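J.: Chain order of the listed sequences is W and L. Everything in the first sequence is counted per the numbering used here, starting at 1 for the first residue and increasing by one. Everything in the second sequence is counted per the numbering used here, starting at 1001 for the first residue and increasing by one.
These aren't lab readings, by the way, just hints derived from the structure by calculation. Source: prediction; values computed, not measured. Ideal placement from N, C-alpha and C gives every residue a C-beta, glycine not left out. Check each hint, because a few of them may be wrong.
To be verified - Think about it this way: if two alpha-carbon atoms lie no more than 27 Å apart in a straight line, the pair counts; the simulated BS3-like pairs of lysine-lysine are:
{"id": "1", "chain 1": "W", "residue 1": "K470", "chain 2": "W", "residue 2": "K445"}
{"id": "2", "chain 1": "W", "residue 1": "K129", "chain 2": "L", "residue 2": "K1334"}
{"id": "3", "chain 1": "L", "residue 1": "K1254", "chain 2": "L", "residue 2": "K1483"}
{"id": "4", "chain 1": "W", "residue 1": "K79", "chain 2": "L", "residue 2": "K1380"}
{"id": "5", "chain 1": "W", "residue 1": "K315", "chain 2": "W", "residue 2": "K355"}
{"id": "6", "chain 1": "W", "residue 1": "K456", "chain 2": "W", "residue 2": "K374"}
{"id": "7", "chain 1": "W", "residue 1": "K437", "chain 2": "W", "residue 2": "K470"}
{"id": "8", "chain 1": "W", "residue 1": "K458", "chain 2": "W", "residue 2": "K445"}
{"id": "9", "chain 1": "L", "residue 1": "K1356", "chain 2": "W", "residue 2": "K79"}
{"id": "10", "chain 1": "W", "residue 1": "K469", "chain 2": "W", "residue 2": "K440"}
{"id": "11", "chain 1": "W", "residue 1": "K456", "chain 2": "W", "residue 2": "K396"}
{"id": "12", "chain 1": "L", "residue 1": "K1380", "chain 2": "W", "residue 2": "K75"}
Stated by the list, open to error - Quick list of the computed label-pair ranges, beta carbon to beta carbon:
{"id": "13", "chain 1": "W", "residue 1": "R360", "chain 2": "L", "residue 2": "R1357", "range": "54 to 62 Å"}
{"id": "14", "chain 1": "W", "residue 1": "N34", "chain 2": "L", "residue 2": "A1113", "range": "25 to 33 Å"}
{"id": "15", "chain 1": "W", "residue 1": "A106", "chain 2": "L", "residue 2": "A1383", "range": "42 to 50 Å"}
{"id": "16", "chain 1": "L", "residue 1": "R1357", "chain 2": "W", "residue 2": "R252", "range": "42 to 50 Å"}
{"id": "17", "chain 1": "L", "residue 1": "G1235", "chain 2": "W", "residue 2": "K396", "range": "41 to 49 Å"}
{"id": "18", "chain 1": "L", "residue 1": "K1380", "chain 2": "W", "residue 2": "V133", "range": "45 to 53 Å"}
{"id": "19", "chain 1": "L", "residue 1": "A1383", "chain 2": "W", "residue 2": "E161", "range": "46 to 54 Å"}
{"id": "20", "chain 1": "L", "residue 1": "E1097", "chain 2": "W", "residue 2": "K396", "range": "56 to 64 Å"}
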Amino acid sequence: MNYFTTIGLEVHVQLQTRTKMFCACRTDFGAAPNTQVCPVCLGYPGALPVINQEAIRLTVMTGLMVGSRINPWSKFDRKNYFYPDMPKNYQITQFDQPLCLGGAVAIDCQGQSRVVRLTRIHLEEDVGKSMHVRDQSRVDFNRAGHPLMEIVTEPDMHSPEEAFAFLLALKQILVYGLISPCNLEEGNLRCDVNCSVRPEGQAALGTKTEIKNMNTFKGVHQALTYELQRQVAALAAGGMIVQETLRFDTDRGVTESMRTKEDAHDYRYFPDPDLMPVALSAEQIKAWEGMLPELPRQRCERLEREYALPAYDAKVLAADKYVADFFEEAARGAANPKTVSNWMMTEMMHLLAEKELEIRQVKITPQALAGLIKLVESHAINGAAAKTIFAILFDKGGDPAVLVGQLGLAQVSDIGTLAALVRQAIDGNPKSVSDYKAGKEAAFKFLMGQVMRLSKGKANPQIVQDLLKKQLSV
Amino acid sequence: MAEWNELTVHEAKARLDQGAGTARELVETLLGAIRARDKQVQGYLEVDEADALRQAEAADALRKKGHKGKLLGVPIAVKDLLNVQGQSCRCASRILEGYHSPYDATAIARLRAEGALFVGRANMDEFAMGSTTENSAFKITHNPWNLACVPGGSSGGSGAVIAADEAIAALGTDTGGSVRLPASFCGCVGLKPTYGRVSRYGLTAFASSLDQIGPMTKDIRDAALLLQVMAGHDGMDSTSIMAPVPDYAANLRKDLKGMKLGLPKEYFIAGVDPEVAHCIQQAIRHCEGLGATIVEVGLPATPYAIATYYIVACAEASANLARFDGVRYGLRVKDATDPFDMYTRTRAAGFGTEVKRRIILGTYVLSSGYYDAYYVRAQKVRALIRADFEKVFQSCDALLTPVAPTAAYRLGEKTADPLQMYLSDIFTASVNLAGICALSVPCGFTSANLPVGLQIVGPAFGEETILRVGFAYEQTTDWRLRKPDVG
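Hey, can you work out the whole structure from these sequences and the hints?
T.: What follows is the structure, given as structure tokens:
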């Protein structure tokens, strides 16, 4: 029997505000434990929350980017439950009046374009981090109170691949909108995954399970793949799915139960009396609308148009805001944008993938790449030398012109010097010479390579080619 | 000449300003009175004498440098619920054993900026839950007028130390009557400001939508002065209101000409003690004599106020008190096996019976399936109560009512019956639900020589009006001049 899959996501995104959701503490990642705390975010007696307006703005901007309706009157509620990493033992969140309602994110998956609808986007506060050291538990409250935006989707995804594609598309939008850096390793983006299966032909959705707190996209894909297979196998064997909350064990690659529906919390939501409702005027929303940044799709079209790039190049570059930023800055200083794109698409992407880095982590500047391209175009260096220099710039930064001098990679174009090297190559390889004369084209390439080797890679290949042809035809 | 500790804020300040003594002398005298009397009264949980003297000396030094603070050198007793940097702030609860405030409440910071000294942590009902101060985890406070009687609550320590001249002035907090009731029982002035008038930042929350800090003083002028200093918008409290603070002292006059005062008929009912009723009637006639027009008005939602109050207050308290869990500060039981074991055992050991009762009540009314029937309905009734007051204030400047149905009763008299105890708030809780202002001013004594308070209720931001009424009444009567005989 065939089974039909239904997936919905709840994505938690840390907003890139300088200060926390309800107090003036900094949000810097990686500070020493409990150094970015105050009476408010530690839940001290008498401390009160005050809304971070920048967090409201970023959430509304997100809503505007994905086409949500912005709620002109929203409010904050208390969600009650006890946990050591939660200072007040209630979380300030939005229950029935979120900031944004509806909206949609377009995804590309396996060659098809689809739309995943959103239910809502609301704002809440993050909790601290528990750490367990042998028989001790410790809590770091630096993260407690970090503004956290929750994006809830409709159950619109039907495969782990679609869930993965949704997360990629959402991340693109959030990075483009300067909403969140979306650094997964810093926990900027975490999600809960709801999924169910039902036999083909059955109208009602199957019983769902929820996998909590996934913090990598790959993990979401793996967990879903496992969980959906588990559900199908259970149903196929005549069993039933228990509605439960699961965690994914990445080491073993399996989901395991945290709690079932029976011991679900009663969160006793009620409006937080410490906070006034958030009223947003039409003028305010309009003003923010005017500040909306260019989105990935718009940028892709613009790169194609403005830089005369092939559609494929534009799409690859626009996929990452910072790659596209880098490209545009480098292209500004280069004669031919396509040449810049070629470097980005080949050397840059290759090294980023190989070293598992983001473009903002590398040392090469857009100006350095533009300079490097100029050196090639003016025949100051050849392509091979340029690649060597690129790799150095990538790791260490610097000025390409200075590197050319330091490394002695300046291109040799002196006819006399090159003619001597060509002679040397012909004299040293009589077999190749006779092969060439017998019509074997490969022999010419070999001889070219020999000359380049003798020049330590610095020979001007165009001149070498001319000289070689001339001397072999003698 | 009166002793330092017997003075009002204005008198003490004048004496200091004239150079007739120093803050150190004032505080020394006050500490002497506390040593002599607090064994009987038990109004303070803690008095750090060395710290009090240090603060006094610092004030004297500032005065030499020309500091002109409105309260320079004046000591104020602080209800144990308010955070004063460096002082303990246990809220009269075992669960906050060992907690010391890392910061000043905004009201405290504003008083401090005017040179006030913070001397003594006043006893209270644990987390302000109670009407007699008998719910303190640490001690029973006695009413200075009759040591066998309660001082009222929950700010009973503050009221008792004022009455016994163990303080010049004090701060209380009022969630359902906790400033006005002890003011009435102890014979002092107690003011509950409009919700949002005084910042709640640093006031350990009992019920966030009802709590306000209020002055407890020996006369109306002192209450006006303390309110003047504490009032005004605070960026740290989202519910504090951005409205200008009038000059409260400027409008105090000794007549009530042209004022219309309402008597809500729901507050003049059979259950009121006849002696209390008599005092209130006398006070009403007195106000009439000062030129006020008296009219009867109706507040029809009044019978629902107590039920509504206990639902709203307990619901909010159940969440507000969740933070006392043993993780970050205060009491933590030893040898817990896991976090939930730690929570349950710490909270079982740390909270008293009344606090537990209210947390359970509040948890219940917010629970899935009961939320609409209790919490949502209470909010609707609250809106009706508010509308009632808005309506009567269209035709009245202020209302006159009893503060409580009785004068102070005997210790232990109502502890067995929480419902009876809850009725102590019957005339005060509506004011908190409506978010308006009210004060208690002494208006007579029962035959047993126990003070009776007159409640003057005003509209939102009507503090100027109720202080004016209170001042005219107070200055033309001499109830405030009577003192209890303690020790």
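J.: Determine for every hint whether it applies to the structure shown.
T.: Structure-based check of each hint:
1. Distance restraint check for K470 (chain W) and K445 (chain W): the Cα-Cα separation of roughly 15 Å lies within the 27 Å cut-off, and the hinted pair is therefore satisfied.
2. Proximity of K129 (chain W) to K1334 (chain L) is assessed by CA-CA distance (about 23 Å); at most 27 Å being required, the pair is judged to hold.
3. As the CA atoms of K1254 (chain L) and K1483 (chain L) are separated by approximately 23 Å, the hinted pair is consistent with the 27 Å bound.
4. Among the hinted pairs, K79 (chain W) with K1380 (chain L) is consistent with the structure: their alpha-carbon atoms are about 22 Å apart, no more than 27 Å.
5. Taking the CA atoms of K315 (chain W) and K355 (chain W), the gap is about 22 Å. The hint holds against a cut of 27 Å.
6. The hinted pair formed by K456 (chain W) and K374 (chain W) meets the criterion: a straight-line CA distance of about 22 Å does not exceed 27 Å.
7. Between the alpha carbons of K437 (chain W) and K470 (chain W) the distance comes to roughly 13 Å, so the proposed pair stays at or under 27 Å and holds.
8. Proximity of K458 (chain W) to K445 (chain W) is assessed by CA-CA distance (about 17 Å); at most 27 Å being required, the pair is judged to hold.
9. A C-alpha spacing of about 20 Å is found between K1356 (chain L) and K79 (chain W), which places the hinted pair at or below 27 Å, so the restraint holds.
10. Of the supplied pair hints, the one linking K469 (chain W) and K440 (chain W) holds, its CA atoms being roughly 14 Å apart against a limit of 27 Å.
11. Distance restraint check for K456 (chain W) and K396 (chain W): the Cα-Cα separation of roughly 23 Å lies within the 27 Å cut-off, and the hinted pair is therefore satisfied.
12. Pair hint K1380 (chain L) plus K75 (chain W) holds up; C-alpha atoms about 18 Å apart against a cutoff of 27 Å.
13. In this structure the hint that R360 (chain W) and R1357 (chain L) lie 54 to 62 Å apart at CB holds, the actual value being about 57 Å.
14. A beta carbon spacing of about 30 Å between N34 (chain W) and A1113 (chain L) agrees with the range 25 to 33 Å that was offered as a hint.
15. Range check, A106 (chain W) to A1383 (chain L): Cβ separation about 45 Å, and the 42 to 50 Å hint holds.
16. In this structure, R1357 (chain L) and R252 (chain W) meet the distance hint of 42 to 50 Å, their C-beta atoms being roughly 48 Å apart.
17. For G1235 (chain L) paired with K396 (chain W), a C-beta distance near 48 Å keeps the hint of 41 to 49 Å intact.
18. Hint check: K1380 (chain L) to V133 (chain W), Cβ distance near 51 Å, so the stated range 45 to 53 Å holds.
19. Taking the beta carbon of each, A1383 (chain L) and E161 (chain W) are about 52 Å apart, inside 46 to 54 Å as hinted.
20. Hint check: E1097 (chain L) to K396 (chain W), Cβ distance near 58 Å, so the stated range 56 to 64 Å holds.
Violated hints for the displayed structure: none, as all numbered hints are satisfied.
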